[in-house]
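J.: Sequence:
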Amino acid sequence: MPNIRAYMPADREACLAIFRSNLPKYFAPEELLLFTNWLDKPGLEDYFVLEVGQQVIGCGGYYTLPELQLANLAWGMIHQEYHGKGYGRQLTEFRLERMREKHPTFERRLSTSQHTFLFYQKMGYRTVEIVKDGFGPGLDKYVMLYT
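First residue of the sequence shown? That's 0 in numbering that gives the first Met the number 0, and the numbers climb one at a time after it.
The set of hints was computed from the structure by calculation and includes no laboratory data. On a predicted model such as this, the values are computed, not experimentally measured, just so you know. Beta carbons: idealized from backbone N, C-alpha and C, even for Gly. Some hints could be false.
Claimed, not checked - Derived lysine-lysine pairs resembling DSBU-like cross-links, with alpha carbons at most 30 Å apart: (1) Lys24 x Lys40; (2) Lys24 x Lys131; (3) Lys121 x Lys24; (4) Lys84 x Lys121; (5) Lys121 x Lys131; (6) Lys84 x Lys24; (7) Lys40 x Lys140; (8) Lys40 x Lys101; (9) Lys140 x Lys24; (10) Lys84 x Lys140; (11) Lys140 x Lys101; (12) Lys84 x Lys101; (13) Lys101 x Lys121; (14) Lys140 x Lys121.
What the hints assert, rightly or not - Between beta-carbon pairs, the in silico distance windows are: (15) Lys131 x Glu80: 28 to 36 Å; (16) Arg125 x Gln89: 20 to 28 Å; (17) Gln89 x Leu15: 20 to 28 Å; (18) Gly52 x Glu128: 35 to 43 Å.
Using the sequences and the hints, build the whole thing.
T.: And the structure:
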């Protein structure tokens with residue numbers, strides 16, 4: 000049974016390995032520095048890891064922009080070896096529930112690629128904008144809104 004808990008700095012290397020396992024299909028190589036900086040932010044809140052046994056196989060969170068009444072899913076991923084087993088859905092449902100509990104009036108958005116927008120569509124999101132090569136060459140950016 001998977002366990003979802005708050006991210007701790009000790010999870011950093013596992014999360015970076017998860018990111019690397021999803022290169023280059025799901026993330027552009029130049030995003031690694033952005034993700035590393037995200038993990039290293041002092042006081043990082045609302046970021047979580049999914050464990051199976053004692054192994055971290057997924058991570059993801061969200062951030063808020065209170066002045067815009069916006070909550071945005073961020074940096075959600077499952078290690079490539081565990082794709083298609085329902086872990087991504089569990090982690091996404093967990094994050095959506097946390098957003099609903101803590102920020103019930105906020106609009107919920109995310110940005111993803113052409114490789115995962117159908118997954119998020121099944122989770123209740125709809126595409127509101129597509130930016131060709133928005134994440135890098137060959138990785139289109141899909142901006143999605145939770146309905």
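J.: Against each hint, give a clear statement of whether it holds in the structure.
T.: Do the hints match the structure? See the list:
no.	hint	in the structure
1	Lys24 x Lys40	holds, 26 Å
2	Lys24 x Lys131	holds, 15 Å
3	Lys121 x Lys24	holds, 20 Å
4	Lys84 x Lys121	holds, 15 Å
5	Lys121 x Lys131	holds, 22 Å
6	Lys84 x Lys24	holds, 18 Å
7	Lys40 x Lys140	holds, 24 Å
8	Lys40 x Lys101	holds, 21 Å
9	Lys140 x Lys24	holds, 13 Å
10	Lys84 x Lys140	holds, 25 Å
11	Lys140 x Lys101	holds, 27 Å
12	Lys84 x Lys101	holds, 28 Å
13	Lys101 x Lys121	holds, 23 Å
14	Lys140 x Lys121	holds, 18 Å
15	Lys131 x Glu80: 28 to 36 Å	holds, 30 Å
16	Arg125 x Gln89: 20 to 28 Å	holds, 22 Å
17	Gln89 x Leu15: 20 to 28 Å	holds, 21 Å
18	Gly52 x Glu128: 35 to 43 Å	holds, 39 Å
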